[in-house]
Amino acid sequence: MLSFSIIITVSIFFMGIVVRTKSLASGRKGPGVMQPIKDIIRLLRKGAVFSTTTSYIFRIAPSIYLASILMAILMLPHGNLPGFISFGGDFVMFAYILGMGKFMMIIASLDTGSSFEGMGASREALFSMLIEPAFFIVMGSLALFTGHTSFYDIFSTLHFGSHISYLIGTLAAFVLVFVAMIENSRMPVDDPKTHLELTMIHEVMVLDNSGFDLGMILYATPLKFVMYGTLIANFFIGELPLQWSIPVFFIIQFVFAVTIGIIESFSARFRMSHNPQFIFILTSVSLLIFFGVLLVLGKFI
Amino acid sequence: MEVKLFELFNCLTLVLIVIIPFLGLRQLAGFCVSVISVQVLIAFILVFLIFQQGTTTFHYPGSVITGILSFKADYLSAWFIALISFTVLTGTFYGVKYLEKYQAALSKLKMHAVSFLLVYTALIDLVVIQNGILFLVAWEIMALAAFVLIIFEWEKKETLKAGINFLIQSHICILLLTLGFIWVKVKTGSFDFSAIVSYTSSHPALGIGLFMVFLTGFAIKAGFVPFHTWLPLAHPAAPAHISGLMSGVIIKIGIFGILRMISLIHANYTLIGYFILGVSVITGIYGVMLAIVQHNLKRLLAYHSIENIGIIGMGIGLGCLGIGMENTTLFLLGFGGALLHTLNHSLFKSLLFFAAGNVYQATHTMNIEALGGMIKKVPHTGYLFLIASLAICGLPPFNGFISEFLIYKGFFNGIETNHFLFTLAMLFSILGLVLIGGLALICFTKAFGVVFLGTMRSNLITEKVETPLTIVPLYAIAFAILLIGVMPFLFSNALFQVTSLFSKNNLFGAVSGISTTLHGSTVIGFISLGFIFFILAVLYLRKRISKNNTLSECETWGCGYIGDIPKAQYTASSFIRTYRKLAEPVLFIKKDKKISETLYPGETSQFTHPYDKAEWWLIDKPLHWYKRLLNRFVFLQNGNIQNYILYGFIFITLVFALPLFISKIMDFINFLNQL
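Just so you know, the sequences run in chain order A and B. If you're matching positions, the first sequence starts at 1 in the working numbering and goes up one per residue. If you're matching positions, the second sequence starts at 1 in the working numbering and goes up one per residue.
Bound conformation, chain A alone:
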């Protein structure tokens, strides 16, 4: 439960740090760190407009989406403390529960019968399909590396011995950062700031959502970021005692948020047709991790 509560705490500030970094990088002062969460709270109190085309699915989808992410967060450990839910192979369920939320969001956007939202839905479905192998191979490599198959066992027994294992850690962090970016439809694949429906992924899917539902969808973004940030942080806080691990956790999340801000400020969005290639690169990097692990363990023939 500790892991869950500090993740929720971090998620409140997370987007504020990202936005602030982007403002500073572009030479503006920018809004306060609490501004994004204030926007979300304002949305939660607002009424909503539903399209006449939609069915009940459109109304329940955002709730299932948020519930799926919170459920996935419950599975994440914090260093030596297991997550609320922990069992062998829990990262498979982690990915599939997130998939459930994704499925609901995709069909909810098709529910509006809009001429744009299907565009985002189509891309979301395709890109999340392409990104899945990278995540699974990274987790599979770690399972191979440590000999365990649950998040808690993997991270609590993960320790770096040789030089190659540092490389593996770095590469895994790299892959997870970009998995987080793609899952949230952020910069290299999609720019949430372009208000042109033809070029968006996630933002165009939620054009018709409003009020409480939109608030939940917007809050899902920092949650997802912090979720992947927690995975990255767990690489480093494996054996630290609690009084050290919590500050380290906050620092890593802060660095992660700043990194996202910097990536978003200094990179351009790919052409939509080039995105699959970019995502394939991540899969090959994760294969590299896998072979690196084989090398470390001396299992390579």
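Source of the hints: derived by calculation from the structure; they are not laboratory data. Yeah, the Cβ is synthetic: ideal placement off N, Cα and C, and Gly gets one too. Some clues are possibly wrong.
[To be verified] On the chain A side, residues computed to face chain B include the following (Cβ under 8 angstroms):
#1 T52
#2 T53
#3 F103
#4 I107
#5 S115
#6 G118
#7 I137
#8 T149
#9 P192
#10 D208
#11 P276
#12 L288
#13 F290
#14 G292
#15 V296
#16 F300
Let chain A serve as the given structure and place chain B on it in line with the hints.
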């Protein structure tokens, strides 16, 4: 007790077949439903008895040709009897209502009923028969009866063509099985299944060859790539309840055959495991890749069955590797996952086909591009289709996740071994399974989203179809889906009993407490249950907080455009366009495009016709060359009766002359040898 029940089951079929010709329309439906219900009841009592009291064997004195006819009802039989019977039960109730539209053709309905009964009986008999010849007879009855079921609407040329395709491919399957049984008969002199065990345990090297013959035969029935081509043709042609039955049960008998042979044949299972795993990964990915681009809803579902057969095959492959490497965890998780997925797939695929049948009866089309907004016309069907879609994508809290999880867990456990090749095989299997999961998500967001959501994309008139009889069987299946999803531990004991049949050399003897492996994996059921409550909690919170908020309704946002919205909607083709571009090298899509070339655009259009590359290379091309070869001899068929008599005469002369001729040659050779 079991023998009596089994005999009663078969007698009921025979009695009903005899009296069906004398029945009127009203009684036909009543009789069929009640007799099949009684049979299903008997079948479930059988299942219960077998799981309670263990395996039963019984014999009948056979003839000179067959030898003693032995039967054995073991756990594997019980598992398959249960899954066949459940789908047949729901299929019967649904089918009676579905066929009401065809009342005018009474004789056709009677033929259909007879075939349906024969298929069910043959399937149940197949899982207990232990004699090669009897097995082939039952298999043939099943194939022929299934053929009659498929060509129910034989007036349509397409249907007949698909049916004949099915018939031919089924017989290639039977040919291979016959070869396998003859092989054993020649070597041991017996058609009994126990002969297979004794033969292969004394010749393990030949066992692999025998296994490959049977595997190929059963793979045709199950629909492994590249033997899948009959499947996407036959499923759309058949009526919905038959499609559900075929996809849910008839192709599963192929899986049953493979599992039965694994329990009998002794061979090098490591090699077999790698082979099955490789074929299955290809089957799974290829099936779903083609499923996505289909425009016909039932065809899409048919390709998706191929994908699921791939997942089941991955489990079987993993289990075989478990046997080969004497690793009980892999063995249990592999076979356990495969068996559970077989049951799961029979549930959600029949539900999908029945729901598609309701859509068909409401709109009289299966063209996805023409549909849309059906959830408002057939709400129950819509939500049931959604549940089945989520289950087939393997998403928690539904049953598909449990079986896929078992297989995943097996792969991740297997990755830790010290064998480099094995680790790689596990890695690529995981990759395959992940890709299949992701592609299934695209496939079913497309199918559900386009058919049931948005607004209708054409001017179809929809009929009202939802009556209690058309949806209650569907709800029963949905209930079973959810039950397995949240309480998988109910099935873990039965699964363990079934998997123990496959162990060679007493794999279980050494390790105690192994039954907890499956039971321990089913803890995820509680987490799925927790997930449901979590969703309900969030929904309650949402309702509570936004209670006082004003809710209003408005048109969908279209950037200010309020013209012809249904036409501007995203279609199925546009939804998968990005995917299609990416997958184009693997697929085979004929495009028919008309673009405007003048300054003022006129009418433009684009049609895509997805086709199957495997079918093109393995069936169409060879047939084409074969036809060309035969065309050379067309001069023989000149319609001249005198010529035909001459051919006959030549043939008879040859028949008599050839042995003489050969014996003369032999004499000559002998003569040369003696020199």
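Hints versus structure:
no. : hint : result
1   : T52  : holds (5 angstroms)
2   : T53  : holds (5 angstroms)
3   : F103 : holds (6 angstroms)
4   : I107 : holds (5 angstroms)
5   : S115 : holds (4 angstroms)
6   : G118 : holds (2 angstroms)
7   : I137 : holds (7 angstroms)
8   : T149 : holds (5 angstroms)
9   : P192 : violated (17 angstroms)
10  : D208 : holds (6 angstroms)
11  : P276 : holds (5 angstroms)
12  : L288 : violated (13 angstroms)
13  : F290 : holds (6 angstroms)
14  : G292 : violated (13 angstroms)
15  : V296 : violated (13 angstroms)
16  : F300 : holds (7 angstroms)
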